[in-house]
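Spelled out, the chains give:
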Amino acid sequence: DTEVTQTPKHLVMGMTNKKSLKCEQHMGHRAMYWYKQKAKKPPELMFVYSYEKLSINESVPSRFSPECPNSSLLNLHLHALQPEDSALYLCASSPTGITNTEAFFGQGTRLTVV
Amino acid sequence: DAKTTQPPSMDCAEGRAANLPCNHSTISGNEYVYWYRQIHSQGPQYIIHGLKNNETNEMASLIITEDRKSSTLILPHATLRDTAVYYCIVRVVNAGNMLTFGGGTRLMVKP
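Going line by line, the protein sequences match chains P and W. One point on numbering: in the working numbering, the residue at position 25 of the first sequence is 25, and numbering is uninterrupted. Position in the second sequence (first residue = 1) + 1000 = the working numbering.
It is possible that part of the hints are untrue.
[Stated by the list, open to error] Listed next, the in silico BS3-like pairs over lysine-lysine satisfying Cα-Cα at most 30 angstroms (straight line):
{"hint": "1", "chain 1": "W", "residue 1": "K1069", "chain 2": "P", "residue 2": "K41"}
{"hint": "2", "chain 1": "P", "residue 1": "K9", "chain 2": "P", "residue 2": "K40"}
{"hint": "3", "chain 1": "W", "residue 1": "K1003", "chain 2": "P", "residue 2": "K40"}
{"hint": "4", "chain 1": "P", "residue 1": "K38", "chain 2": "W", "residue 2": "K1003"}
[Claimed, not checked] Here are the computed distance ranges between Cβ atoms for each label pair:
{"hint": "5", "chain 1": "P", "residue 1": "L54", "chain 2": "W", "residue 2": "T1026", "range": "24 to 34 angstroms"}
{"hint": "6", "chain 1": "W", "residue 1": "N1053", "chain 2": "P", "residue 2": "K53", "range": "49 to 59 angstroms"}
{"hint": "7", "chain 1": "W", "residue 1": "D1067", "chain 2": "P", "residue 2": "G14", "range": "29 to 39 angstroms"}
{"hint": "8", "chain 1": "P", "residue 1": "M15", "chain 2": "W", "residue 2": "N1023", "range": "40 to 50 angstroms"}
{"hint": "9", "chain 1": "W", "residue 1": "E1058", "chain 2": "P", "residue 2": "H26", "range": "17 to 27 angstroms"}
{"hint": "10", "chain 1": "W", "residue 1": "K1003", "chain 2": "P", "residue 2": "L73", "range": "32 to 42 angstroms"}
{"hint": "11", "chain 1": "W", "residue 1": "T1072", "chain 2": "P", "residue 2": "H79", "range": "40 to 50 angstroms"}
{"hint": "12", "chain 1": "P", "residue 1": "G28", "chain 2": "W", "residue 2": "N1057", "range": "18 to 28 angstroms"}
{"hint": "13", "chain 1": "W", "residue 1": "S1028", "chain 2": "P", "residue 2": "I56", "range": "17 to 27 angstroms"}
{"hint": "14", "chain 1": "W", "residue 1": "H1077", "chain 2": "P", "residue 2": "S20", "range": "26 to 36 angstroms"}
{"hint": "15", "chain 1": "P", "residue 1": "K41", "chain 2": "W", "residue 2": "R1016", "range": "22 to 32 angstroms"}
Derived by calculation from the structure, the hints in this document are not laboratory data. Note that the structure is predicted; figures quoted are calculated from it, not measured. Cβ coordinates follow ideal geometry from the N, Cα and C atoms, glycine included.
Model the full structure from these sequences, guided by the hints.
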């Protein structure tokens, strides 16, 4: 199984809502990532988790709150978002300790903030 | 990570080879060259990577110049399904597996 599964595929939320994006992988990867991608732009790294601990936060606003409850799951909790946060949110995973390897991406959650 | 430069867009006729260039003139000795592609509305997909030797797999070939300052991704027989944005990324071997994406090349394969 070389899949990274993201749910939901689409999400529309109001600026006062709280929602969560979910990401799951069963490849035994201990590094997981969140990226944000605006239309016609490349993906931008948001967070990196290594062995279920947050290792990199690319100065992401606190209205985005990541969580890694176990080695297979990665969540992104959303609260009080702005319309400019509308984007495709991509999750990825990769092995750790082996740096010459590929990352696997999910299909993304397309988020619209209204 | 070293910066990469790619043409913003390219066209290719179906069935012909697609040659996508990438300039990485500031690459250092411990950086690999990776290629990913992103088909519309999907997540990026790994294609191939290399350090200094040319590499080939079932998807593509990667040609890296001897001075490692540039590389070319070759799709030998492009199909309509190869229409995508192709990202060339250079990555420090010991800096984890996170990727820093540049602008990429939007390849349009035409019938």
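How the hints compare with the structure:
1. W:K1069 / P:K41: holds (25 angstroms)
2. P:K9 / P:K40: Holds, because 19 angstroms separates the two Cα atoms, which is no more than 30 angstroms.
3. W:K1003 / P:K40: holds (19 angstroms)
4. P:K38 / W:K1003: holds (20 angstroms)
5. P:L54 / W:T1026: 24 to 34 angstroms: 30 angstroms Cβ-Cβ, so the 24 to 34 angstroms window holds.
6. W:N1053 / P:K53: 49 to 59 angstroms: This hint is violated: roughly 36 angstroms between Cβ atoms.
7. W:D1067 / P:G14: 29 to 39 angstroms: This hint is violated: roughly 54 angstroms between Cβ atoms.
8. P:M15 / W:N1023: 40 to 50 angstroms: holds (42 angstroms)
9. W:E1058 / P:H26: 17 to 27 angstroms: Given about 24 angstroms between the Cβ atoms, the range holds.
10. W:K1003 / P:L73: 32 to 42 angstroms: Given a distance of about 34 angstroms, which is inside 32 to 42 angstroms, the answer is holds.
11. W:T1072 / P:H79: 40 to 50 angstroms: At roughly 45 angstroms between Cβ atoms, P:H79 and W:T1072 fall inside 40 to 50 angstroms, so the hint holds.
12. P:G28 / W:N1057: 18 to 28 angstroms: holds (22 angstroms)
13. W:S1028 / P:I56: 17 to 27 angstroms: The hint (17 to 27 angstroms, Cβ to Cβ) holds, given that W:S1028 and P:I56 are roughly 21 angstroms apart.
14. W:H1077 / P:S20: 26 to 36 angstroms: Violated, since W:H1077 and P:S20 (Cβ atoms, about 43 angstroms apart) do not stay within the stated range.
15. P:K41 / W:R1016: 22 to 32 angstroms: holds (29 angstroms)
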